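Listed here are the chains, written in short residue letters.
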Amino acid sequence: MQIRTKLIMLLPALIFIGMGAQAQTAYNKIDDIDIGSKMVNYPKVQWLKGTPLTTFEKDKIYIIELWATWCVPCTEAMPHLNRLYQKFKDKGIVFIGQNVMENDLAKVEKFVEQKGDGLSYPIAFAGPKGSDFDKKWLEAAGVTAIPQTFVVQNNVLIWQTHPSNLNEQVLQLMVEGKFTVAAARALDKIR
Amino acid sequence: MLKYIKNTIFLIIMVLMGFFASAQHPFLVHGRLSIDKQGIVVMHYYKHGQFTRDTARVDNGKFEFRGELGDPSQADICLNPPPTRILGEKYDSQPFYLEGKVSIESKDGIETASIKGTQSQTDYLSVEALYRPLEKTKDSLEKVGKAYKTAANDAGVAEIIRELDALALKVKGSEEHFFKTHLKSYVAFKLWNKKHMGIIDADLEVEFRQFDTKVQQSELGKKIESKIMIAKKLAVGNTAPDFTLRDTLGNEVSLSSFKGKNVLLYFWFSDFIYFKSFAFSMRRVARRLQGKNLVMLGVYYNAIPTNSPSPDKWKSVVSENAMSWPNVYDVGGIDRNGAVSTTAKAYGNESSSVLPMIYLVGPDGKFLARHLRFNDAELSSTIENLLK
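Chains L and A, in that order, are what the protein sequence lines are. Using the working numbering, count along the first sequence one by one with no gaps and you end on 207. Using the working numbering, count along the second sequence one by one with no gaps and you end on 395.
Heads up, a few of these hints could be off.
[To be verified] Some chain A residues near chain L, calculated using beta-carbon distances under 8 Å:
(1) Lys153
(2) Thr157
(3) Ile167
(4) Arg169
(5) Asp278
(6) Phe282
(7) Arg290
(8) Ser331
[Stated by the list, open to error] Just so you have them, the derived chain A footprint on chain L, three or more residues with Cβ under 8 Å:
(9) 103-109
(10) 134-144
[Claimed, not checked] Keeping only pairs whose Cα atoms sit at most 27 Å apart, straight-line, the calculated BS3-like set for lysine-lysine is:
(11) A:Lys299 <-> L:Lys145
(12) A:Lys322 <-> L:Lys123
(13) L:Lys45 <-> A:Lys150
(14) A:Lys283 <-> L:Lys151
(15) L:Lys194 <-> A:Lys156
(16) A:Lys156 <-> L:Lys45
(17) A:Lys322 <-> L:Lys152
(18) A:Lys299 <-> L:Lys60
(19) A:Lys150 <-> L:Lys126
(20) L:Lys131 <-> A:Lys153
(21) L:Lys105 <-> L:Lys145
(22) A:Lys156 <-> L:Lys65
(23) L:Lys126 <-> A:Lys322
(24) A:Lys114 <-> L:Lys45
The hints are simulated quantities; they were obtained by calculation from the structure and are not laboratory data. Quick caveat, the model's predicted, so the values are computed rather than measured. Backbone N, C-alpha and C fix where the C-beta goes; we use that ideal spot for every residue, glycine too.
Throw the hints in and build the complete structure from the sequences for me.
What follows is the structure, given as structure tokens:
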């Protein structure tokens, strides 16, 4: 082998030795979900109503609402969400009522059935701790309390908020591609 | 000449020891149960904050305890207890307040005995009487709430929640009235302290000073007073005490080296149930405030003294939780008896119960905020609005 080739081959080793000499603390990479995070796949859940979602589509807006039958403010927010669903489902917004933090599927099914048309948007059941949704979304997004609303647009998480902060003006901003957290906050102050 | 010097030194030492020794108050518990009672009585109480267990023989119903206490203490006395008591099981026992002379008189055993003591015992019984009906109401409301939940009666559950909130306000009101009318009472002071466990801020001084001087000078009173003094030193606008500690690479890092930048200074440990949530919250702040004139500085404590992890364990905790900003370790800063290091003492970091503790320090080295909460969903905004 030529000397030049041998020297070139030695180069990576020298680079690695240089890095080692600095003894950097290697920090783990953790993919937390936060505003600005890229959102591609939806975790594996059980769909009780509506079209199952597996991958986020670029041209759609997704409003994912976390709830449980035992969570009073969650169920109190449902009529409001249902009204917004009726108004915006044909404007490119997909609503998902994602049930979390409960074990009893039968109980959730019964609840959904009893609500009838009062809960007409897609509903999914995640399952208890350790479920795919729990690991990939609840833990990754640091969710410890519900209700919580996540909004995904163009495969990016654009908002994480309380369902009471959703209103027609804010949703209209999203549809027009003009949504920012600051704009949403400003609207909240005016109301 | 030597003997004279020796004696003087000895005398000085004795005086100093007397000066620093905790106040000791003698107590005498005199018991007279029914004549057929034999065996032993076991008394549990707190002496200078330490859980203590005393035993006395019962002869034909008669027994006696003598000893010394610091502050008066909640106590429990039990006739012939088994080696291990099981929670929920009934024993021949009664709680009371131990101070000075206490008499326990009964035509049968301890449970039905009339216990007479000092004003503390009277106050203790008053407190029990205050809570009993409120506890009863709470229990019945919770029972109804549970039934509503099972029946999926959302409106009913919401109403119960409203009633429980109203009850909590009523309890608070009753407690405050009790403090205001019992300012000489150690029992009332102890109850007041219970409501402010962990977070002692300078604004508590007004309420603290309303209690009688004797109460303020109790062991507990002195502890609270020193916490208030530290809180005053760490008030917003004051200079954050400087310190120099080693980081994960073994380099010395001083707080003052960050002058010119805002510093999110937080004291933490990892052995608590919400640790993952705390780490997530800190990562989120780092992410959202990237590019701002802000440095995050974590000060780690091995705060559970019974743990003896390897000295480098903390480095794995830092890296596994992707806390990729300056982190230093206050080695041995806290032990079972409280704050040990200069840093821990300066910041009032006396035990893991006050951690995590989060401050925001401005570019001039002065506090901009204290008691920032890691479970504040808008923590990043809160911090951003304070940055100088």
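Check your understanding: When the hints from earlier in the document are held up against this structure, which numbers fail?
Key -> Those not satisfied are hints 1, 2, 3, 4, 5, 6, 9, 10, 11, 12, 13, 15, 16, 18, 21, 23, 24.
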